[in-house]
Amino acid sequence: MSPSVAELLLQRLERTPPGPDGGLCSLEAAAALGLDHQTLVGAVKSLQALGEKLPGAQVGFSKAMANKWLRLDKGAPGGPRIFRAVDAVQDVVQSSLQQVQEGNGGSLSERERTDLKRRKLLLEVTLKSYWIRKGSAFSTAVVRQETDLTPEMIATGSWRKLPFKAYNFSALGLPPTCGHLHPLLKVRSQLRQIFLEMGFTEMPTDNFVESSFWNFDALFQPQQHPARDQHDTFFLHDPAEAPELPASYMARVKKVHSQGGYGSQGYKYEWKVEEARKNLLRTHTTSASARALYHLARQGKFTPVKYFSIDRVFRNESLDATHLAEFHQVEGVVADRGLTLGHLMGTLQQFFTKLGISKLRFKPAYNPYTEPSMEVFSYHEGLKKWVEVGNSGVFRPELLLPMGLPENVSVIAWGLSLERPTMIKYGINNIRELVGHRVNLQMIYDNPLCRLDA
Amino acid sequence: MPTVSVKRDLLFQALGRSYTDEEFNDLCFEFGLELDEVTSEKDIISKEKGEGKAEGASETVLYKIDVPANRYDLLCLEGLVRGLQVFKERINLPRYEKIIPAKGEGQKMIITEETVKIRPYAVAAVLRNITFTKERYDSFIDLQEKLHQNICRRRALVAIGTHDLDTISGPFTFTAKAPSEIKFKPLNQSQEYTASQIMDLYRTDSHLRHYLHLIENKPRYPVIFDSKGVVLSMPPIINGDHSKISLKTRNVFIECTGTDMTKAKIVLDIIVAMFSEYCEKQFTVEAVEVVYPNGKTHICPELAYRKEKVKPELINKKLGISETPSSLAKLLTRMCLSSHVTGNGNNIEVEIPPTRADVIHACDIIEDAAIAYGYNNIQMVIPKTYTIANQLPLNKLAELLRLDLAAAGFTEALTFALCSTEDIADKLGMDISATNAVRIANPKTAEFQVARTTLLPGLLKTIAANRKMPLPLKLFEISDIVVKDPTKDVGARNYRHLCAIYYNKSPGFEIIHGLLDRVMQLLEVPPNEENGYTIKATEGKEDTDTVYCRGCFGAQIFPYSLRRTFCCR
Chain A
6 MSPSVAELLL
16 QRLERTPPGP
26 DGGLCSLEAA
36 AALGLDHQTL
46 VGAVKSLQAL
56 GEKLPGAQVG
66 FSKAMANKWL
76 RLDKGAPGGP
86 RIFRAVDAVQ
96 DVVQSSLQQV
106 QEGNGGSLSE
116 RERTDLKRRK
126 LLLEVTLKSY
136 WIRKGSAFST
146 AVVRQETDLT
156 PEMIATGSWR
166 KLPFKAYNFS
176 ALGLPPTCGH
186 LHPLLKVRSQ
196 LRQIFLEMGF
206 TEMPTDNFVE
216 SSFWNFDALF
226 QPQQHPARDQ
236 HDTFFLHDPA
246 EAPELPASYM
256 ARVKKVHSQG
266 GYGSQGYKYE
276 WKVEEARKNL
286 LRTHTTSASA
296 RALYHLARQG
306 KFTPVKYFSI
316 DRVFRNESLD
326 ATHLAEFHQV
336 EGVVADRGLT
346 LGHLMGTLQQ
356 FFTKLGISKL
366 RFKPAYNPYT
376 EPSMEVFSYH
386 EGLKKWVEVG
396 NSGVFRPELL
406 LPMGLPENVS
416 VIAWGLSLER
426 PTMIKYGINN
436 IRELVGHRVN
446 LQMIYDNPLC
456 RLDA
Chain B
3 MPTVSVKRDL
13 LFQALGRSYT
23 DEEFNDLCFE
33 FGLELDEVTS
43 EKDIISKEKG
53 EGKAEGASET
63 VLYKIDVPAN
73 RYDLLCLEGL
83 VRGLQVFKER
93 INLPRYEKII
103 PAKGEGQKMI
113 ITEETVKIRP
123 YAVAAVLRNI
133 TFTKERYDSF
143 IDLQEKLHQN
153 ICRRRALVAI
163 GTHDLDTISG
173 PFTFTAKAPS
183 EIKFKPLNQS
193 QEYTASQIMD
203 LYRTDSHLRH
213 YLHLIENKPR
223 YPVIFDSKGV
233 VLSMPPIING
243 DHSKISLKTR
253 NVFIECTGTD
263 MTKAKIVLDI
273 IVAMFSEYCE
283 KQFTVEAVEV
293 VYPNGKTHIC
303 PELAYRKEKV
313 KPELINKKLG
323 ISETPSSLAK
333 LLTRMCLSSH
343 VTGNGNNIEV
353 EIPPTRADVI
363 HACDIIEDAA
373 IAYGYNNIQM
383 VIPKTYTIAN
393 QLPLNKLAEL
403 LRLDLAAAGF
413 TEALTFALCS
423 TEDIADKLGM
433 DISATNAVRI
443 ANPKTAEFQV
453 ARTTLLPGLL
463 KTIAANRKMP
473 LPLKLFEISD
483 IVVKDPTKDV
493 GARNYRHLCA
503 IYYNKSPGFE
513 IIHGLLDRVM
523 QLLEVPPNEE
533 NGYTIKATEG
543 KEDTDTVYCR
553 GCFGAQIFPY
563 SLRRTFCCR
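For the record, the sequence lines run as chains A and B. Going by the numbering used here, the letters in the first sequence line up with residues 6 to 459, in that order. Going by the numbering used here, the letters in the second sequence line up with residues 3 to 571, in that order.
Hints were generated in silico from the structure; no laboratory data involved. One or more hints might be untrue.
Said to hold, decoys possible - Far from chain B, some chain A residues (derived; all Cβ distances over 10 angstroms):
1. I87
2. R89
3. L127
4. L132
5. D153
6. G178
7. K260
As the list claims (entries may be wrong) - Just the calculated beta-carbon pair ranges, DEER-fashion:
8. A:E107 x B:K507: 55 to 61 angstroms
9. A:E202 x B:A466: 35 to 41 angstroms
10. A:P309 x B:Q87: 39 to 45 angstroms
11. A:H236 x B:L399: 34 to 40 angstroms
12. A:W391 x B:Q393: 32 to 38 angstroms
13. A:P309 x B:G297: 55 to 61 angstroms
14. B:Q393 x A:P411: 24 to 30 angstroms
15. A:W391 x B:K110: 49 to 55 angstroms
16. B:L399 x A:E202: 18 to 24 angstroms
17. A:H300 x B:Q87: 45 to 51 angstroms
Just so you know, even glycine gets a beta-carbon here, dropped at the ideal spot from N, CA and C.
Here chain B stands alone, though its shape is the one from the complex (with noise of 0.2 angstroms):
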């Protein structure tokens, strides 16, 4: 879930009132926000870097807000306010428009052939006469990195990049070219660099050094010129310094590059919407002109406003709620989804403007209704419908079988599922090939290689962390393992296995015999060949001497020095 930090003092000028920490919580909370910590800056850097570092920081109180994941136009304190005040009736939500220009006035991207193998689509816009502040610009830049970091994936879908417009001259061409080819001033860098000496140059970068990855393998890098052959920027990596948008930049000029259009354009949509507040005609935004490969423009940005149509009855019969239509038009228009009844009431006309690009269905409408209800004033209802419960014979049986084993004096374990090789394989004098195991490939520790195929390593770990425990240890765990099978849609499946484990100064394996005995049993298996289970000793290995038995269930017993167990399936 993404984090949003503002300023308290600036959030409150902005929303036009101040609000005790509690207060603000619950607005939060009734907006489906958190308040995750108040905070300041001093504080952060004594947490993270020790008291003596944190002198000098600011001692403003800073609140972490938790945004849901899909709220993109939420990022940054402009879109909170917004989407606080449009809520609390304060404000009417702004209706963002799209200037375009005079033929041949306006601006131009040009995208080449060249991209189509690396990074094939781009979308740029242009917000003219803007006026920054240092919390504005602030607010500018770390809204990009949010977004960078969220609907972006880390710049692999989309990478924005953004431009002081007085210090470039279109049209823009966004092209490919080979390494070499490439040279320019990167940003805050003082001097020249070739698109292969930058990537050396931040192969240490703690920041930049996880973009790398995603163009160094390819033969061309991603470039974007202007009319004079200044790079504005290297995408996904750097941004010219040529370019750099400062406090007293006026118009600035915007463009995301990308391998997901639709991400792309979302990306663009939520910029520009969130800062034309900041523009001398406010909530406008210029746009530009992008041409494809395949001579087809496209009119960036698309700030599409899309209108669907929802009955109100849908809306109280999902919620559980019985509104008048235009009440729930009301509802949703405080959700920033400008709403009003049609027809003879029967319909809803709901108005989805570009920065909420979440709602994809009427579901995401209902929702956003819900939300403006308070979904602590929904009455509580208990479902109608009749049903007979059942349990799952197997886990069913099991929970039989704890009862009894620790009715035998045994003590129920919980071991992980996952474990290394050697636990499976090599510790118990096996190779792994022949253990049939689930292999994982992203393990984070040697300790997360292999799903178990047999309970008995996870005992033993549990006595070795258990050595000061008076003797004898008597364990056991009725739990899953896991092992390839092909015939199984996803090529493996579990079993549910029962292992025991008896340990003591003397093996004890008469116990663990016994315990088996017992088992069987207790599952009424009589102890004969014909339908019963039997216990035959195997050739044994030489220093695995196995025991097998086999009737309607198969176990093995497995004699060590000091340990004697089994495992039963």
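One chain only, chain A, in its complex shape (with noise of 0.2 angstroms):
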């Protein structure tokens, strides 16, 4: 290996005779060594950092200073430099590791030994002994107990012989790696079950975006009711406008609302195509009914039908615990001739009693789409109260006359939301535990079955 650069300075600078001028030109050194001049200035650095030190004074140097045997002149030309200050010195850390060596550590006082311990000049180990007594069941052979019966055991036999240690029967044992299903759609599958063992048939409700049209006017609901107020319905904004709207359909609704006609007085107002077109959130599953309906409408001879529907409804709404702006609403609808409010009631009887709640009554109750309209409320032994489950009606003339349904056909429906009754059943106090990105994926994983009926 080639000398470093400082070593053949160093060489050069013993070789340089003794005077008052004793020295080298780094320029003319650098020109000498063939080297850089910038190259040589590094090493006159290097070499002057060492310098600057003490080696080997590491160990007592800020002691020694501490002590004052040493004084440091800041100001010395050429640098700091430091001086000897005393003539003689007394070294107690001497004569004290000394005394360790010698086994008389135990005498040295607390702050001495954590003093010695902190400069790493001394270092502590405990050491453990045990005292060895024969047990209750002492014997000279060694045997390990088995943890696991293994296939060498069962092959050979030698299990039969073999000692096993005990299991923690009073532990939980390791949770299998499985999947899992959202405790909200647990209970969407067992209201489906309901429906379809009550002979119900599902109806599409496969468009989130609505016209407002299906959504309210259908409906028989005025155009300047409340609900179509930008606070309570999520408008669209692309696409803003429904292109297609059932013509002929559409004159008989616009007629009914603004002039009357079925046997009703109307609403007495100005009718406006503009606000039917209007596209929005669906804000219930009942403008999936009224499609249903007005399909069955269409299909020339009528047939008594039971329909059902469980999904995504959307309100413009401000959010808390029990409120979200989109939420599941479950339908159900039948249509037939001559129903009377007391099948509506005995429809929603049986209904409830297989969701599990069979004390119910009912209450006068308005929908704008509904005639007779009924608030199903059933008692709530926690809140030892009556509280309410559902909202029911008989569809109004001026909703299923305009569609083409036989006028002799009464339509009973009726709806509830499905996180009420799942907030209630899973004893859940924030909806936003449930649905949503923030649920809280420990509460699925622990989630235990649907079952309505217990």
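Build the complex from these two chains, which are given one at a time in their own frames, with help from the hints.
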């Protein structure tokens, strides 16, 4: 290995004759050595840095300064210098260490010991020892308990003679790795099941985007109804308007709203098609029921039907622990000749009994599209009061007749949210813990079966 | 649903008996009302503003009662009491009468041409020799506010003005003038302002600022003058201070202006019907002649009684009861629909009073019969028709796939259908225009800007909210997404997507790839080009090294450094 620049410089300096001018010019030396001057300056700096330090003084320098054995002159020519400050020193550390070496470490004070330990001059080691006696099951032969049964033990039959470790039955076992269904959708599956058991056919609800026409006008909901306000409904910017509305049906709807007809006085206001064209995110699945009933009316000969749907609806509401901008609506519809309010109540009784709710009470209510209308209340054992569990009614003639359904056909319907019974069933207080991305996955992992009849 | 709050003791006094909270709650339930809350002014203030502020407030017990949105006749104590008393057959339904003054003596209101473009309709009436008390006065003001908030759609359709007739002199003129031409002292102000100054004055008013937009940008503002040029009001914003009504007012001039004639008539009928109770000649109203720009006159209020005929058997048939015609007539009379049997019992003649504007069809009459009969007294019956249930094929498949994805060890998530544009575009390295997304016009927060076009962002957000959970996270969701589609009647359509995500320290692309293979296996789609599915690398853009597979299902696989996902549709 070739000598470093610093070494070359030092060798050259050694050969320099002594005297008051004894030294080297860096420029000359660089030229003589055939080096770049900057490289030589680098070497000088690194040698300078060496000189600043006191090799081997790391252990005691700061202590010697603290004891005032040394004196530092920062202003000395050529950089800081250290001078001897006392004639003789009494080294306590040395004598302490000697004591330790002689085995008398115990005589050092706690403070001395920690001081020496901190300075890494002393290392403390804890030595543990045991006292061994015979126990109750003392034997001279050593036998290890087996933890698990192995294929070899079974093959050789050795398991018969081997002792096995006891299992800890008070601990939980290892949970199986598994997939999980979402609790709200488990309730949805059960509700679908209930409807199917009751002979109800599922309606298509595959359009979150709906026109105001189907969502409101077709349901005989007047155009100035508060529900059609911006702060209750999400209207669309794009596509802002529905390209296609059923023309002749729409004309009948317009007439019944503005002038009446089919035995009705109507609402006597100016019905506007622009209002009906406005697209929105459906506020209820009753719009889907309207489509299904219209479809039914157009089939020519009327056949009685039972329909249901469970799907998402949207409300432009402020969010809190019990309200979301989107939730699931459950809806049931029966269309037949000669249906009565008693039939509605009987159907509701059957439906809610299957849901595990049998104590029902019916309260008169108002819905723009049903007459009569009734809210369904159930006695809540936990809350010790009657709580609303659903809303229902008989669809108005102003809704059904313009569709073309025969006059003697009545349609009864009811609806409820999927979230509410789920929250009650699983004891969830904040809806945001159940629905949406802030859901607690642990809750989903731990969620039990959904048995509504229990 | 509107809520009416009434003083309990005053209510019981008016009803002529007292109830326990429970008894009254039951009465409400039966009648279709809801006793929402039992409270006091003190309670309300301490709840809203804190304990300290409530001191000194009244401790009188208040009943907050929820009233159906179509029953405008129940929006004040007077109406509630009248409704319940008739329902319980404690009083007979009063008949509201219109008194038409002799020619030349009555009040007159002339509507000018200028109103046509801004507030074309007006109706008016006079309550003569009324006796107000503090409670009656408060109730009168409250009712106006309730009507304004409900049927009047926050004064957009109708605005009500009530004036002390003795401070003004007819005939009155309802016209529209340029804002600078209108100058008067508004209610409870000490000086006169021009109309534009009034608008500025109320721009910060917590109550009135909500109505300014109704006329603000119009060249002319509506205004009502009396014969001496006194400004009665500037509808729908504020009345003049001059004609302010007080406890001492004896004669009240009521004007309703608006954009919907039917509703203006209903509102006027309700006010006069409710408060004519306190007139010297109870339940009478003095008519006002309203002259329209075309010269036609209209005598207000209308107070129209309409007669309808309903077949008793129709009521029985629709409700599933079997009552005699006379008992049905009695039931209806209890609901303020005074009825009697006509002919040989084939018909019931029902008289619909002006207070019941909600009755527009026979079915409304039938509902009233049901309420009077008592919903809970109706026999429950199960419909006899036999129907075969059918599942929607798409939902049937989704239900089956959900079970098998859970069986594959994946956990079902339920994410929102609404999100921000960023979620479906920028954050996935796409431009929003390329997503074909449906955009919402009036989102309250950035979280409601668009309907999702993919389930992926929701699943990623679910993972972000569950970082404390042990790895790996394996999630899936089968739900709808929405995209624009001009071929659909509404211009948009839903697609059912299956999306799964694998989140771990290493991407585990082969795991998500394997899940896709499993899904295809479950759907009996073989891995081949001819009749099955294949996975093909596409020419990936910069960050999205997207992989597609096409079979009978199109699918996308998005590989990211930490998350491997796929959406299948």
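Checklist entry - Quick check: which numbered hints come out false for this structure? => result none
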